[in-house]
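Asks: Use the sequences and the hints to build the structure in full.
Letter by letter, the chains look like this.
There are 2 protein chains.
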Amino acid sequence: MSKYTIGVDFGTESGRAVLVDVKNGREVATAVYPYSHGVMDEKLPDTEIRLEPDWALQDPQDYVRVFQNTIPTVLKESRVNPDDVIGIGIDFTACTMLPTKADGTPLCDLPEYRAHPHAWVKLWKHHAAQPEADKINETARAMNEGWLDRYGGKISSEWFFSKVLQILNEAPEIYSAADRLIEAADWVIWQLTGTETRNSCTAGYKAIWSKRDGFPSTDYFASLHPQLATVIKDKLSTDIRPVGERAGGLTEQAAQWTGLKPGTAVAIANVDAHVAVPAATVTEPGRMVMIMGTSICHMVLGAEEHIVPGMCGYVEDGIIPGFFGYEAGQSCVGDHFAWFVENCVPSAYEQEAKERGLDIHQLLEEKAAQLKPGESGLLALDWWNGNRSVLVDVGLTGVLLGTTLATKAEEIYRALIEATAYGTRIIVETFQQNGVPIHELVACGGLPEKNKLLMQIYADVIGLPIKVSASRQTPALGSAMFGAVAAGKGLGGYDSIYDAAKVMAHLKDETYIPNPEDQGMYEKLYAEYVILHDYFGRGANDVMKRLKNIKANARK
Amino acid sequence: MSKYTIGVDFGTESGRAVLVDVKNGREVATAVYPYSHGVMDEKLPDTEIRLEPDWALQDPQDYVRVFQNTIPTVLKESRVNPDDVIGIGIDFTACTMLPTKADGTPLCDLPEYRAHPHAWVKLWKHHAAQPEADKINETARAMNEGWLDRYGGKISSEWFFSKVLQILNEAPEIYSAADRLIEAADWVIWQLTGTETRNSCTAGYKAIWSKRDGFPSTDYFASLHPQLATVIKDKLSTDIRPVGERAGGLTEQAAQWTGLKPGTAVAIANVDAHVAVPAATVTEPGRMVMIMGTSICHMVLGAEEHIVPGMCGYVEDGIIPGFFGYEAGQSCVGDHFAWFVENCVPSAYEQEAKERGLDIHQLLEEKAAQLKPGESGLLALDWWNGNRSVLVDVGLTGVLLGTTLATKAEEIYRALIEATAYGTRIIVETFQQNGVPIHELVACGGLPEKNKLLMQIYADVIGLPIKVSASRQTPALGSAMFGAVAAGKGLGGYDSIYDAAKVMAHLKDETYIPNPEDQGMYEKLYAEYVILHDYFGRGANDVMKRLKNIKANARK
Chain C
6 MSKYTIGVDF GTESGRAVLV DVKNGREVAT AVYPYSHGVM DEKLPDTEIR
56 LEPDWALQDP QDYVRVFQNT IPTVLKESRV NPDDVIGIGI DFTACTMLPT
106 KADGTPLCDL PEYRAHPHAW VKLWKHHAAQ PEADKINETA RAMNEGWLDR
156 YGGKISSEWF FSKVLQILNE APEIYSAADR LIEAADWVIW QLTGTETRNS
206 CTAGYKAIWS KRDGFPSTDY FASLHPQLAT VIKDKLSTDI RPVGERAGGL
256 TEQAAQWTGL KPGTAVAIAN VDAHVAVPAA TVTEPGRMVM IMGTSICHMV
306 LGAEEHIVPG MCGYVEDGII PGFFGYEAGQ SCVGDHFAWF VENCVPSAYE
356 QEAKERGLDI HQLLEEKAAQ LKPGESGLLA LDWWNGNRSV LVDVGLTGVL
406 LGTTLATKAE EIYRALIEAT AYGTRIIVET FQQNGVPIHE LVACGGLPEK
456 NKLLMQIYAD VIGLPIKVSA SRQTPALGSA MFGAVAAGKG LGGYDSIYDA
506 AKVMAHLKDE TYIPNPEDQG MYEKLYAEYV ILHDYFGRGA NDVMKRLKNI
556 KANARK
Chain U
6 MSKYTIGVDF GTESGRAVLV DVKNGREVAT AVYPYSHGVM DEKLPDTEIR
56 LEPDWALQDP QDYVRVFQNT IPTVLKESRV NPDDVIGIGI DFTACTMLPT
106 KADGTPLCDL PEYRAHPHAW VKLWKHHAAQ PEADKINETA RAMNEGWLDR
156 YGGKISSEWF FSKVLQILNE APEIYSAADR LIEAADWVIW QLTGTETRNS
206 CTAGYKAIWS KRDGFPSTDY FASLHPQLAT VIKDKLSTDI RPVGERAGGL
256 TEQAAQWTGL KPGTAVAIAN VDAHVAVPAA TVTEPGRMVM IMGTSICHMV
306 LGAEEHIVPG MCGYVEDGII PGFFGYEAGQ SCVGDHFAWF VENCVPSAYE
356 QEAKERGLDI HQLLEEKAAQ LKPGESGLLA LDWWNGNRSV LVDVGLTGVL
406 LGTTLATKAE EIYRALIEAT AYGTRIIVET FQQNGVPIHE LVACGGLPEK
456 NKLLMQIYAD VIGLPIKVSA SRQTPALGSA MFGAVAAGKG LGGYDSIYDA
506 AKVMAHLKDE TYIPNPEDQG MYEKLYAEYV ILHDYFGRGA NDVMKRLKNI
556 KANARK
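Chains as they are written, first to last, in the working numbering: chain C, 6 to 561; chain U, 6 to 561.
No wet-lab data here; the hints were simulated from the structure. A hint or two may mislead.
The list cannot tell twin chains apart, which means a pair is met if one copy fits it or any two copies do.
[Stated by the list, open to error] Simulated crosslink set (EDC-like; lysine to aspartate or glutamate; CA at most 20 angstroms straight-line): (1) K556 with E522; (2) K553 with E415; (3) K413 with E347; (4) K28 with D500; (5) K553 with E528; (6) K529 with D547; (7) K413 with E355; (8) K553 with D523; (9) K359 with E347; (10) K455 with D89; (11) K529 with D539; (12) K266 with D239; (13) K457 with E515; (14) K550 with D51; (15) K372 with E347.
Values in this document were obtained by computation on a predicted structure and should not be read as measured data.
Replies: Put into C-alpha cells, the structure is as follows:
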C-alpha cells in the first residue's frame, strides 16, 4: 500500500502543493494557487493607502488560502485516500516576516491595524530597510561582533532584524502591539499545528542565530535601539528546532481546510532554496546545488566550519542536520537575459522568431550556439544587479567590453551567459580555496530546463560536470521529503532526510560534461574576466560607485 | 553681371556638382551622379572575378561620367551662361589611387588588364594593404625615419604607399605596366586639363611628402622592396603644386563633356575633408573644423610646426597656403548610432517611432534629450571601430560600463554620443597642450544637421562654442571657392582663398554655447572617461587586443 506526503512551496506570486509517493518520489499531482493580493507594492488592498518605493507586502490570509485550495485539489486529482497521506512539509521565501498577537493572529487582520502598512507581511523583496541594514552593519563592525564573519561581513536589508528595526523606527506602536515577530514560514506551520515553532534555517540564514552562540547579545540590540534590547525575549523564541523535525500534528481546523486527517505529521518549516538541496539528491559535502532562475542561489554542505569570504552565510544544521550549510548567490542571471530581450533585441530578430514559431530566447540561444567560445571578442561583467558573492557589493554595475561595428545581438547574449558562468566559477573557486570542497554541480530551477547552451557553457567555464535535478519543482518535492521524515519510518515515512533522499530524489540521465577544447578557450577568457573583476570590484577603480553617486545627484 | 564657379565633390558612392555664385557663395544648382559601378567589394564588373575580403575598388570611367552628367545638369537648371562660369574645382576621397599609362589611360581600361583587380582604382577604404602598412611602419622605425613623427608615428593601410606596395607584392606585372601611380583626385584634373599635376594635400597627408623634405629616400624605399627604390622617379612626380593654384584650362574634349568653355580655369585637386575648411569660413589658426558624419575629421591650422602625439598628420600648405594644416580623426561617430539602431533598439521603440511618424534616430534623440548628464549612470569608450586619434590603434574595441536592469535604450544611445564627445575633447586638449591653439569649433557635414542634442552635448563636454557651416555641401562649396581662386581676380574670381572665404563661406546664425551646469557634470564624467581611456588604451590592460587575438583563433 503506497503512502504519500504533500509538499507546499510558498513562492513570490503563488503557492504550490505537490502530492508525492513516498516510496519513489513520484510527483502524483500538483496544484497552484496564485495569491489573491499577489505582491502589494503600490497600495494596501481595498484602500487608497499608498506604499513608499521599495516596499513589498503580502496578505497572510493568502497563505491560508493556499492550503484551502491546493491540498483538496491534489487529493481529488490523485484520488489518494487522505488516510494514506502521512505527512506534510512546507517551504517559503525568506526572510518574509510579520507581526502577530500571542495567539498568532496577524496584526493586519485586526481592524485597528488593518490600515497600517507595517502591520502586514513584509515580503523577502521588501527593500525599504536599507538604512536599518546599514545601522546593523556599522554597529556590528564598531562592536566587533563575531557573527558578522558568518555572513560574509554584511547583513542584507532583506533580512529579519533589518525589517524589525524598520518597524520599530517607523511604527513603534506596531512594534509594541506585536507579541510575536515571526517568519511567515513558521507562521503557516503554526496555523497547521496550533503551536508556535521556529526553524533553524530561517533563524540561521536570516536572523543572525547560530546553534553554538544563539542570537546577538542584549547589549548589541540595545545599541541599535533601546527598545530593541529585549527583542529576543519579548517577541521571538529561543527554542529553534532543526529542519527535519516534526513540528506537530494537523489541528481539527487545518484538517477541515485541507481534507487531511487531524494529527497528520507536519514538518518544521524550511526555505525554498535550502529545501531544494536534498530534493536535488545532495545530502553530503562536495556537490554544490545551484538553484538557477532570475538569480542563482548556490548551496554546498561542509563537514567543517570555515570562514569563506563573500558568501551569503553558513548555518550549522541549516540545510541538512549534521552539516554546515554554506550559501552564496548571484543576483542577476535569468534577469540578465530578460533585460536583454526587453531592451536590446532588434525587431528583425523578433520577426524571425515569430515567423519560425520560436520564443525569442530560443532564437537567441540557437544563434549564440553557432558561435565558438571567444569568437565574439566580447567580455562582460555580470553586475547588472550588483554582485552578491564574492564581492558583496550592490554598488557595482555591468560592463560590456570588446564591441565593434560587427557585434551582433546573439554575441552580446552569449557574452552575458558567459559572464554569469565566470561569476559562478569565482564562487566555486572561493569555496574550494577556503576549505569547502566542490567536485560536482547539481542544477535545479527554471533555467536548466530552458537553456541547454547555458548549461554547457557553465560546464565548460567551471570545468566540472553538471547534473540536473529530475524534478521541475524541487522545493515542493523537498518539502514533501521533509514531510515523510516528520512522519517517520513507523508510519511509512523515513527516519532521516538521508534515507528519504536515497529513494525520493532523482537526477536526469543527462550530464553536462566539460568539452576540453572549449574549456581551454574559456581558461583564457576567464583570466581576462578575473582581471576586470578585481580591477572594478576590489577598489582599483571605483568608477561604478562614482557614476552611481553622480547619477544620484544628476536630478537635484 | 554675376560670375559663377563649379565645385565637384567625388564621394564614396557618387559625385556631386554645385554651381556657386562667386560674389556671395550662393549655391544656385546642385546635381548628383551615383557611380554606376559604386563600390566594388565583391567582384569585378561584368565578370565572376571575386575580390578578397577588405578590398574596395572603383571604376575611373565613373568619375568621367560625373563630369558628363552633373555639369550639364547644373548649367541647365541654373540657366547660367557657360561664358559666366569662370572656374572649376574638385575634391576627392583620399587616398583613392590608380595605375595608368603615361598618357593617363587607366590600366583597367586596357583589355589586357581589365580582368586584373590590381588594375582598377583602389578606393580609400580598400583595407587589404595592412601587411604592407605594417612593413612600412616597422621599416621606418628601424631606419629612424624622421617623417614618421609627422603622422603620429604610424602610416595607415589606407594610404598611398601601402597600396602601391600591395600592387608590387601581389601583382608585379601591373606595377611594371604602370607608368604612373596617381591619386584619383589628380587623375580627374588630368582628364579636364590634359596635363598631369599633383596636389600638395594628398601628397602631404597620404604620400609621405613634405614641402621641406620631399618624399622618403631611395634607401628607404629600397628597404621596403628592391623594385620600389626608384618609385618616385619612375611612377610619380616631384612637381607638387600647392592647393589654390591653377592646374590648367579645360580641354576641347572636357568642354564637350561639360558644356563649359574650353580654357575655363581648373584648380589643383583637393581632398573632400580638407577643402571643407575654408568653406566653413576657417582660413586662420585657432578654429578647429569638424567634419561630422560616419566618422569625424578634425582640422586646424597652425602658424608653427609642432609634433602633436596621435594626430593623423600635418602638412605645410596642405589645407590653406601659408599654414601648417593639422589633421586628427575619430573613426566611429555616425557609424556608432547606425550600429546601435540596427542591432540594439527594441521593437517597441520602432513601433512608437512608426506610430508617431518619427525617424528612429529622432525618437531616440527625443528620449535621450529628457535625460540629465550623468543620470543614466553609463559611461562608454567610443572604440567600436578602433581609435584613430590620439591613440592610433585599430586594435582597441568598445566598452559600455554602468549598466543595470533599469538601463534603457535611450540611455545607451546618449552614452554613445557622450563617448564620442569625450573622444573629441581628448583630441582638442592634445592639440592645445602641444602648441596648436583652439578656441572655437566649426562643424559641418551630415550630423550637425540631424542631431541638435549631439551638438549641445559636444559643446557641454568640450567647453567651447560650436558654430555650424551654413552650407550643407561644404566640400563642393570649397571646391567652387578654389575654382574662383584658380580663375583669379582678373576674370571675376579671387586672388586668394582668404578673399574667397570672406564672401563665399558662411556660418549659420545658431551657435551651440556650453551650458555651465551641464559642463560641470561633464567635467566629472570626462575625468572617469580619461581614466578608462588610459587604462585600456595605453597598455595597463591590453585585454582588447588579447580578446581580438583569441577571436582570430576561435575558429581555427
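Asks: Now tell me if each hint is right for this structure.
Replies: Here is what the structure says about each hint:
| no. | hint | result |
| --- | --- | --- |
| 1 | K556 with E522 | between (43 angstroms within a copy, 15 angstroms between copies) |
| 2 | K553 with E415 | between (28 angstroms within a copy, 18 angstroms between copies) |
| 3 | K413 with E347 | both (16 angstroms within a copy, 9 angstroms between copies) |
| 4 | K28 with D500 | within (13 angstroms within a copy, 104 angstroms between copies) |
| 5 | K553 with E528 | between (32 angstroms within a copy, 16 angstroms between copies) |
| 6 | K529 with D547 | between (25 angstroms within a copy, 13 angstroms between copies) |
| 7 | K413 with E355 | both (14 angstroms within a copy, 18 angstroms between copies) |
| 8 | K553 with D523 | between (36 angstroms within a copy, 17 angstroms between copies) |
| 9 | K359 with E347 | both (15 angstroms within a copy, 19 angstroms between copies) |
| 10 | K455 with D89 | neither (35 angstroms within a copy, 75 angstroms between copies) |
| 11 | K529 with D539 | within (16 angstroms within a copy, 23 angstroms between copies) |
| 12 | K266 with D239 | neither (34 angstroms within a copy, 106 angstroms between copies) |
| 13 | K457 with E515 | within (11 angstroms within a copy, 57 angstroms between copies) |
| 14 | K550 with D51 | neither (40 angstroms within a copy, 60 angstroms between copies) |
| 15 | K372 with E347 | both (18 angstroms within a copy, 17 angstroms between copies) |
Going down the numbered hints, you'll see the structure goes against 10, 12, 14, while the others check out.
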